[in-house]
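Once you have looked at the hints, place chain B with the ligands on chain A.
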Amino acid sequence: MPEHEADGQLATPTHEVRDFLHRRREQIAQRWADEPLFRAVFTVSRDEAVEAGKVVVDALTQVADSEQVEDPDSAGFSAVREQLGRMGAARSRAGLSNTQVSSELAALRPPVENLLAADLQQAPPEHLRACSTVLTVLMGTLRLVAMQTALSEWQALSDRQRMQLLEVATPVIRLWDGIVAVPLIGTLDSARSQVVMETLLNAVVEEHARFAILDITGVPTVDSLVAQHLMKTVAAARLMGAECIVSGIRPAIAQTIVHLGLDLDVITRASLADALGYALHQLGADIVKPGAGQR
Amino acid sequence: MHTAAGVEACLPIRSDMDLVWVRQHVRQAAARLGFGLVDQTKLVTAASELARNTLVHGGGGQMAAQHVSSRGSQGLRLAFSDEGPGIADLELALSDGYTSGGGLGMGLSGARRLVHDFEIDSAPGSGTTVRVTCWVVRPPRPREGV
Ligand SMILES: Nc1ncnc2c1ncn2[C@@H]1O[C@H](COP(=O)(O)OP(=O)(O)OP(=O)(O)O)[C@@H](O)[C@H]1O
Ligand SMILES: [Mg+2]
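Line by line, the protein sequences are chains A and B. Counting in my numbering, the final residue of the first sequence is number 295, and the numbers go up one at a time with none missing. Counting in my numbering, the final residue of the second sequence is number 1146, and the numbers go up one at a time with none missing.
I should point out that these hints are in silico values taken from the structure, not numbers from a laboratory. The C-beta atom is built at its ideal place from N, Cα and C for all residues, glycine as well. It is possible that part of the hints are untrue.
Unchecked claim - Heads up, simulated SDA-like pairs for lysine to any residue below, C-alpha to C-alpha not over 20 Å straight-line:
id, chain 1, residue 1, chain 2, residue 2
1, A, 232, B, 1102
2, A, 232, B, 1104
3, A, 232, B, 1098
4, A, 232, B, 1103
5, A, 232, A, 283
To be verified - Just so you have them, the derived chain A footprint on chain B, three or more residues with Cβ under 8 Å:
id, stretch
6, 1034-1048
7, 1107-1121
One chain only, chain A, in its complex shape:
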């Protein structure tokens, strides 16, 4: 049982909480191990959950010791920041919303509070009140740290996904014997146009393509850099023995290209279908519309 200085020489509430956390390290970790947050993350063994809990208690003890219970940047948190982030991320991967993760974190407080109240039974009520306020603030800061870390991980994940989206493998479609098509979608920056060019040239070789159709219906802006990338791709395909056709130039883009003064030195067609028709015609495989021959 805790010893209290009976002579009224009470520790400051923050130090009281620090000593309490240190003293009750094992019990707190044991109780946390039964809470959904720890139970769901450390599924292999309960001991693992208890150990993880102890690390968090130690961090809280250190923060209380530095008297920075309100500061999420307090040095004590740095040791558990990563672990908390991983726990939060694991819960959200399991399908929990941010709010649900946050309330699982909030659920860590009551067991600690009950232990504190039991320990300070003999202490003056104001002192108990002051101590539980400190504990509440400290646990609130812990929750903030965990949410901050989880949020920044989500942010990093979504940034990564956005970058990956830009690099999505460019599909090459074999439309006909000797005719391949690449539908270009999104921003054609230098990195992507490099990918497009390589993919297209490989397809030209593999498919023995005589015609390569670059469909730019999905490209929102054609400026001088995009035009330059297109022309480089066209020139490279030409060297490989394939003629390029650019299709899907929308009217607004056509007008803009003209004003910009760009000269796309390439065969263009309004639609992918027109481009295919042109290529087929060049290959000697004319398409006859049904009924056309009867006239």
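Just chain B with the ligands now, with coordinates in the frame of chain A:
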């Protein structure tokens, strides 16, 4: 009456990703002010050229977008500024096909043809600012070029 909400902004131009935001902002702002699809596309393309010059030649900078109106006409003014090396020979830089790098040399001159008003402020060592304006319907007395 179109609202200017969401039109005014100052965007950084420090990376390729920033160019994506610049284009997106200009497209949205132009749509909000009532520009048609062709004019939106012209404005976005001009912005793309000027922003890339700010990034590549000016070493980075920013774009400020502003809603302007004159005699009942609504317009969008964009200012691209950097503190880069500046342009020594403006006439040369503005001629079709001139590039100091490996470009097509069509960005600056092409952008000028895509907008209604075009002003350029630059001197060696003191950076470059290019201001362009497009009107939804041209005001009665439009100013040509600089
Ligand atoms: N913000 C700037 N700061 C310094 N120099 C610039 C700036 N903008 C343009 N220039 C100069 O003007 C020249 C012409 O610009 P322009 O945009 O027409 O061509 P480019 O950028 O070289 O090629 P691209 O056709 O790909 O745009 C550039 O090569 C550069 O020397
Ligand atoms: Mg340029």
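**OP:** Could you check the structure against the hints above and give me the numbers of any it violates, in ascending order?
**Re:** 5
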